[in-house]
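For reference, the chains in residue letters:
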Amino acid sequence: MKQISTVGSLCPECLRTIEGIKFVEDGKVYIKKECAEHGSFTTLISKDVNHYLKMEECFDVDRARVKAPLTDVNKGCPYDCGICPSHKQDTCLAIVEITDRCDLGCTYCFADSTSDASNDPDMDTIRRMFEAVKSCSNEPTCVQISGGEPTLRNDLPEIIKMAKEVGISHVELNTNGRRIARDQDYFDRIKAAGIDAIYLGFDGVSDDVYLQRTGKKLFDIKAEVINKCDKAGIGVVLVPLVAKNYNLHEVGKIIEFASQKVPTVRGVHFQPVFYSGRSPAEMEGRTTILELLEEIETQTDGQLKVENFTPSLMPTAHCGATCLTLIDNGNFIPLTNVSMGAVRSKSDVANKTKKSIMGRWKGSTPDLQPVSKPSCHDLLSKASLVNASKSDVSSSCCEKPNNTISIETIPMESSCCRSSGGWADFIEMSMNKYLTISTMAFQDVWSYEKERVENCCIHVVTQDGKLIPFCNYNLSNCNGDFLYRNKNKVIGMDD
Amino acid sequence: MTINISDETNSLLKDNGFRIEEIQEIIESAESSGNKLKDADGEVFIARGDSDNLTTYAVYSPLANGAFELKSAYAHKMKVAGLTGGSFGEVEYDDESGWTCHKCNEEAVDRNVDMFYLDVSRPGPGIVCPKCGDIYITQGVTKTLKTAESILEEKRA
Ligand code: SF4
Ligand SMILES: [Zn+2]
Ligand SMILES: [Zn+2]
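Quick note, the sequences are listed as chains A and B, same order.
For the first sequence, counting from 1, position 495 maps to 495 in the UniProt record's numbering; every step adds exactly one.
For the second sequence, counting from 1, position 131 maps to 131 in the UniProt record's numbering; every step adds exactly one.
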């Protein structure tokens with residue numbers, strides 16, 4: 001047993017803050033912690049220490065804090081969320097839940113889907129939620145409207161409009177897509193309200209999967225949503241909820257499907273099913289990031305390898321993994337690789353993530369403006385030396401009747417306007433034909449690390465206008481009592 | 001060696017993070033070795049300087065008094081691996097690149113060369129001396145390469 005570090009954690013029974021250690025044994029990484037009252041708990045957090053450490057090596061971010069904290073430091077982390085001044089990380093995505101209602105009744109579900117319409121926040125409350133984001137987080141601000149199923153509300157278009165009025169830069173909608181598929185008028189109004197992207201629940205490419213989860217055939221509905229968004233010019237991210245014995249065998253097919261739908265589909269965000277087990281052993285039933293990546297590698301015939309997934313710009317190296325890949329004639333050309341090590345970036349993590357969230361939708365890379373489309377002129381460069389050279393040796397790429405250079409032997413990029421396979425092509429492809437494949441690991445009370453949560457950049461907005469780091473918002477003890485979600489009182493407190 | 005630099009060129013150097021000394025060095029070494037491209041009238045030269053992570057070019061002209069005038073400087077991070085296809089292929093009608101390899105006194109021609117950066121390799125147009133095989137990338141192509149470099153860097157970040 002080799003200790004890596006100490007960790008601040010919580011007791012899975014009483015949610016008191018307790019100390020623990022992170023250690024390696026037989027190539028696996030564990031957290032062991034002890035509560036004076038409830039004893040000692042050991043949890044496996046990675047089955048491959050090499051991958052675990054490689055991700056850490058490759059992770060390097062600068063951070064910025066929120067513009068203005070909304071709560072005080074009082075009882076200590078994690079009891080002061082709101083965001084409190086101790087929090088080390090600005091918001092990159094704020095989640096605004098506008099209803100708890102849902103029309104699917106899924107086996108796997110995160111949200112509490114039991115309440116009725118009278119519990120939905122009213123327009124004033126929602127406005128205050130948007131305003132909380134504006135006052136707390138730095139620009140630009142990104143909000144995901146979520147639920148429940150937000151499209152159960154008829155006033156969703158007005159809510160989107162209001163977000164824009166309040167000044168939220170990017171508004172995306174998290175939906176199962178059913179209403180969008182059948183209600184064109186509703187979709188038109190969402191579009192007119194200024195929605196920037198659709199986060200579409202998409203668990204598989206066959207109805208078997210949907211039947212298992214919801215008892216309904218949904219694949220055609222999903223396809224129709226993508227179709228509608230394609231026509232409307234709205235970007236879509238497919239969000240498969242992943243679980244063993246459910247759709248883990250289909251992740252390769254999902255990626256393949258997505259690659260056929262670029263650029264409308266911008267990415268696939270795999271969300272391993274989150275559940276709070278009653279024991280660490282039970283938790284091992286969930287799908288870890290590494291397991292998911294291994295499945296992706298196998299199911300894409302090694303085109304997308306585990307090593308192509310680098311730590312997402314998230315709180316820590318272990319919160320998420322991302323692969324960016326170009327799509328070239330049905331094949332993948334991954335652009336990311338852990339072996340390339342950390343990229344030193346000047347901009348901080350939230351800002352970068354926001355840019356990438358927004359950049360995905362706009363279909364270009366915001367940092368690169370202006371990216372003029374590569375033209376003949378740029379490629380046939382003699383002409384570009386005009387300032388330096390006295391004469392403009394005219395570039396004759398488009399009229400080269402005598403050019404008998406065989407494309408096979410020398411794929412001359414300059415032999416015609418449409419280059420093939422060259423760097424200009426590469427640029428064009430990366431603007432239009434790329435896919436972001438990502439995944440995120442939520443923390444549970446067993447794997448909980450203070451360092452991860454206090455750096456969390458995804459914040460859930462509560463109806464009283466506070467921002468709660470995502471993992472804390474959904475954290476419950478082993479008996480299912482939440483720390484924040486649906487809570488008026490905070491448990492685990494000695495007050 | 002005297003190198004004249006106009007204010008305009010000077011601000012271009014600054015904006016792109018070039019140091020005058022390194023550009024001077026590149027020109028000096030090209031002048032002493034003869035490794036440079038020259039245009040048809042011998043009025044414009046391109047010199048290349050290779051360092052670990054950057055290939056830098058200086059575009060300059062000789063002046064009557066024996067001094068030189070720097071016209072432009074540019075660079076790419078990509079490595080040039082060599083000719084696409086591995087070797088220099090003769091083609092029936094070679095377009096003249098308009099440049100001559102000074103050292104070999106040989107007309108340089110357009111050929112695709114493989115360039116790689118961050119694990120991605122692609123061809124792009126180069127100016128190649130058929131005799132010594134020296135490869136130069138022009139300023140216009142460098143603009144494209146720069147965009148590709150930023151994409152790769154951005155996407156990795
Ligand atoms: S998670 Fe962040 S906001 Fe919440 S108490 Fe800890 S430091 Fe404060
Ligand atoms: Zn306890
Ligand atoms: Zn030569």
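Calculated directly from the structure, the hints in this document are not laboratory data.
Here the structure is a predicted model, which is why all the values come from computation and not from measurement.
A portion of the hints provided could be inaccurate.
Stated by the list, open to error - Here are the simulated lysine to aspartate or glutamate pairs, EDC-like style, with alpha carbons at most 20 angstroms apart: (1) K143/B with D425/A; (2) K75/A with D425/A; (3) K79/B with E451/A; (4) K217/A with D188/A; (5) K433/A with E43/B; (6) K146/B with D183/A; (7) K305/A with E43/B; (8) K54/A with D119/B.
Said to hold, decoys possible - From the derived model, a few chain B residues whose C-beta atoms are all more than 10 angstroms from chain A: (9) I5; (10) D15; (11) E21; (12) E25; (13) E28; (14) E31; (15) E106; (16) N112; (17) D119; (18) P123; (19) P125; (20) T144; (21) T147.
In this text, a Cβ means the ideal position worked out from N, Cα and C, and glycines have one as well.
Just to be careful, I want the Cα atoms of K54/A and D119/B compared with a cutoff of 20 angstroms; is the pair within it? Holds: K54/A and D119/B sit about 18 angstroms apart, inside 20 angstroms.
Least C-beta distance between N112/B and chain A, which was stated to exceed 10 angstroms: violated, 5 angstroms
Does E28/B sit more than 10 angstroms from chain A, CB to CB? holds, 19 angstroms
Is the claim that E31/B lies outside the interface with chain A correct, judged by CB distances over 10 angstroms? The claim holds: E31/B sits with its nearest Cβ about 17 angstroms from chain A, beyond 10 angstroms.
Sort out whether D425/A lies within 20 angstroms of K75/A, counting only the CA atoms. violated, 56 angstroms
Minimum C-beta separation from P125/B to chain A exceeding 10 angstroms: can you confirm that? violated, 4 angstroms
Find the nearest Cβ of chain A to the Cβ of I5/B and say whether that gap is larger than 10 angstroms. holds, 13 angstroms
Take the C-alpha atoms of K433/A and E43/B, compute the straight-line distance between them, and say whether it is at most 20 angstroms. violated, 43 angstroms
Please work out if K146/B and D183/A have their alpha carbons no farther apart than 20 angstroms. Measuring from Cα to Cα gives roughly 45 angstroms; hence the hint is violated.
Could you check that no beta carbon of chain A comes within 10 angstroms of the beta carbon of P123/B? violated, 5 angstroms
Hinted pair K305/A and E43/B, Cα distance within 20 angstroms: violated, 52 angstroms
Straight-line alpha-carbon gap K143/B to D425/A, limit 20 angstroms: holds, 14 angstroms
In this structure, the earlier hints numbered 2, 3, 4, 5, 6, 7, 16, 17, 18, 19, 20 and 21 are contradicted, and the remaining ones agree with it.
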